[in-house]
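Asks: Sequence:
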Amino acid sequence: MFDTTTDYDYIAVIDSVEKELICKVPTHKRILYIGEPPFIKPFPSSYLAQYGLVVGPYKLHHPHFKLSHPVLPWLVGNKKNLDATFFQNFEESIEKRLNKFCIITSNKRFTQGHRKRVAFVERVKEEYPDLLDIYGMGYQPIEDKFEVLSKYKYCLAIENCICPNYWTEKIGDAFLTSCIPFYYGCPNIDDFFPKNSFVYLDITHYNQAIQCMQKALRGDFDSTITLEDAKKRILFNYNVFERIKEDINFLETIRTPIHEQKQFKSILSPYRYTLPIKIKQYLAWKWNLVI
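Residues in the sequence shown are numbered consecutively from 15, following the numbering used here.
Don't read these hints as lab results, they were simulated from the structure. In this text the structure is predicted, and so the values were computed from the model without any measurement. C-beta: ideal position from N, C-alpha, C; glycine also. Misleading hints may appear alongside valid ones.
Stated by the list, open to error - Derived DSS-like pairs: lysine-lysine, alpha-carbon spacing no greater than 27 Å straight-line: (1) 209 - 73; (2) 94 - 292; (3) 33 - 93; (4) 93 - 246; (5) 73 - 93; (6) 130 - 292; (7) 300 - 139; (8) 259 - 279; (9) 33 - 246; (10) 73 - 229; (11) 122 - 165; (12) 122 - 292; (13) 209 - 165; (14) 229 - 209; (15) 130 - 114; (16) 114 - 165; (17) 130 - 294; (18) 33 - 279; (19) 80 - 122.
As the list claims (entries may be wrong) - Here are the computed distance ranges between Cβ atoms for each label pair: (20) 144 - 267: 53 to 59 Å; (21) 289 - 105: 47 to 53 Å; (22) 156 - 34: 32 to 38 Å; (23) 75 - 292: 17 to 23 Å.
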């Protein structure tokens, strides 16, 4: 909980604060992490100007912008209070897992990416029911992703867009639970994880995707996939607190003029869906435009 009486040294925000805050931290010591792809949420320059450093997967107009994968917390184990130490030591035997695919997703259809994902998984489930189980909002509800991912040998990790540098907990949660991810999304995902830690599954080519999934159930990928290095990267390199520490160090290298350090707005405003933003968002959702 943010305490307005505390003298914080820095503030780090993912996408937006929940409500307007009285903030004593100067602009040049505030970090904004962009957690959504460009098709989902347009960020106006006036909003970004509240922060001294903006970090995100695609270029935004800000004097101090840093290109990066989204800095997001993992979701698996949240309801069960499973921490990094647990996942560091967790390794369920492959032989004890279901030789089948699972996916944890929702039935959202807002964007082209949402619709493409829903269409693919529902078609697979209808035509090949023994190949895939679907969990999540609108399907089989679950309390925690751990109860599913820890029981299956394979999972589909399908992002809601194709955007360089943009990957989410969908693949990260799979690595933490030692569930082999068949991934669709970030085109340069192998810049972040070893090529032998996942299988890239192009869901736009349905028949080839089905053949690839069927090969997995026959064990064709078992000897080539290694998850340990990818799990370590999630735990020790890409976790939220490690990244915040790294970006605070980066902030310290930026020379901010004295007058800018002293003159800043003490109110930190949340992201607001104004009418122009809603129009931009509608166009972006409908046609996958970067606006």
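Asks: Each of the hints needs a verdict: does it hold here or not?
Replies: Hint-by-hint comparison with the structure:
1. 209 - 73: Roughly 26 Å separates the two Cα atoms, so the pair holds.
2. 94 - 292: violated, 36 Å
3. 33 - 93: The hint holds at about 25 Å.
4. 93 - 246: Roughly 22 Å separates the two Cα atoms, so the pair holds.
5. 73 - 93: The hint is violated at about 34 Å.
6. 130 - 292: holds, 22 Å
7. 300 - 139: Holds. Residue 300 to residue 139 sits at ~26 Å (cutoff 27 Å).
8. 259 - 279: Satisfied, since the Cα-Cα distance of roughly 24 Å is no more than 27 Å.
9. 33 - 246: violated, 35 Å
10. 73 - 229: Violated, at roughly 39 Å.
11. 122 - 165: Between residue 122 and residue 165 the Cα gap is close to 25 Å, so the pair holds against 27 Å.
12. 122 - 292: Roughly 18 Å between the alpha carbons, so the hint for residue 122 and residue 292 holds.
13. 209 - 165: holds, 24 Å
14. 229 - 209: holds, 18 Å
15. 130 - 114: Status holds; Cα separation ~22 Å.
16. 114 - 165: Since the Cα atoms of residue 114 and residue 165 sit roughly 10 Å apart, the hinted pair holds (cutoff 27 Å).
17. 130 - 294: Satisfied, since the Cα-Cα distance of roughly 21 Å is no more than 27 Å.
18. 33 - 279: holds, 15 Å
19. 80 - 122: violated, 30 Å
20. 144 - 267: 53 to 59 Å: Roughly 55 Å apart at Cβ, these two residues keep to the hinted range, so it holds.
21. 289 - 105: 47 to 53 Å: holds, 51 Å
22. 156 - 34: 32 to 38 Å: Holds, since residue 156 and residue 34 (Cβ atoms, about 35 Å apart) stay within the stated range.
23. 75 - 292: 17 to 23 Å: 20 Å Cβ-Cβ, so the 17 to 23 Å window holds.
Of the hints listed earlier, those the structure fails to meet are numbers 2, 5, 9, 10 and 19, in rising order.
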